[in-house]
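**Student:** What follows is each chain in one-letter form.
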Amino acid sequence: AQKVTQAQTEISVVEKEDVTLDCVYETRDTTYYLFWYKQPPSGELVFLIRRNSFDEQNEISGRYSWNFQKSTSSFNFTITASQVVDSAVYFCALSEAGTGNQFYFGTGTSLTVIP
Amino acid sequence: EAQVTQNPRYLITVTGKKLTVTCSQNMNHEYMSWYRQDPGLGLRQIYYSMNVEVTDKGDVPEGYKVSRKEKRNFPLILESPSPNQTSLYFCASSSGGTGRTEAFFGQGTRLTVV
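As they're listed, the protein sequences go chains A and B.
So for the first sequence, the numbering used here puts the first residue at 12; every next one is plus one.
So for the second sequence, the numbering used here puts the first residue at 145; every next one is plus one.
A couple of the hints might just be wrong.
Calculated cross-link-like contacts (lysine-lysine; reagent style BS3-like; alpha-carbon spacing at most 27 Å) [stated by the list, open to error]:
hint, chain 1, residue 1, chain 2, residue 2
1, B, Lys201, B, Lys161
2, B, Lys213, A, Lys14
3, A, Lys49, B, Lys162
4, B, Lys161, B, Lys209
5, B, Lys215, B, Lys201
6, B, Lys201, B, Lys213
7, A, Lys14, B, Lys162
8, B, Lys215, B, Lys162
9, A, Lys14, A, Lys49
Which residues of chain A face chain B? A few of them, derived with a C-beta cut under 10 Å, are [as the list claims (entries may be wrong)]:
hint, residue
10, Gln50
11, Trp77
12, Phe102
13, Tyr115
None of these hints come from the bench; they were simulated from the model.
Note that the Cβ used here is the ideal one computed from N, Cα and C, for glycine as well.
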């Protein structure tokens, strides 16, 4: 079974719109870690955020914010006032404490911001 | 500077010709992994290693080999590459335990097998 589901394959928004990327995960571990990565057209993977299962506080970093809800097993990512430079593929990932540091990635959401 | 270095960045080879993609990290991380990225499939783990001489299969290990003789290096070996191994490959390292960090990724190796 897929441990991380990113149901949105592609999203297009017009510049300055807000956009939310969904991530739903599945785990039986009580201790786990969630991550978001950005992959711009140049291809490298850029780390955005790490969250552990004991910290459900939402986080804001500039135009980026993350909403972690254990009750719905979701870790959604919102970009406020999107910019063309936000165009990229975004990956959500899960790492469980009990499985030797394996990382499970979703299939990614391709975001296009139209000027 | 903390980094994961993969080489080569681009490689075109022919079916059956053995190749090795090197990966080195300078962060003293215990954990290292290899992933392949294919359109619509995200990143899939090929092999991972929890420490020197400790390796295990990920989700798609067929056709690949790895070794971990030193903590910093984790080469990926394709003994007899086939066209279905054409993909974008990433090496990653991370620290584990309660201080688990994010995975640090190399720049990627784009492999084409003809």
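**Student:** Quick one: which hint numbers does this structure break? Sort them smallest to largest.
**Tutor:** 2, 3, 7 and 11
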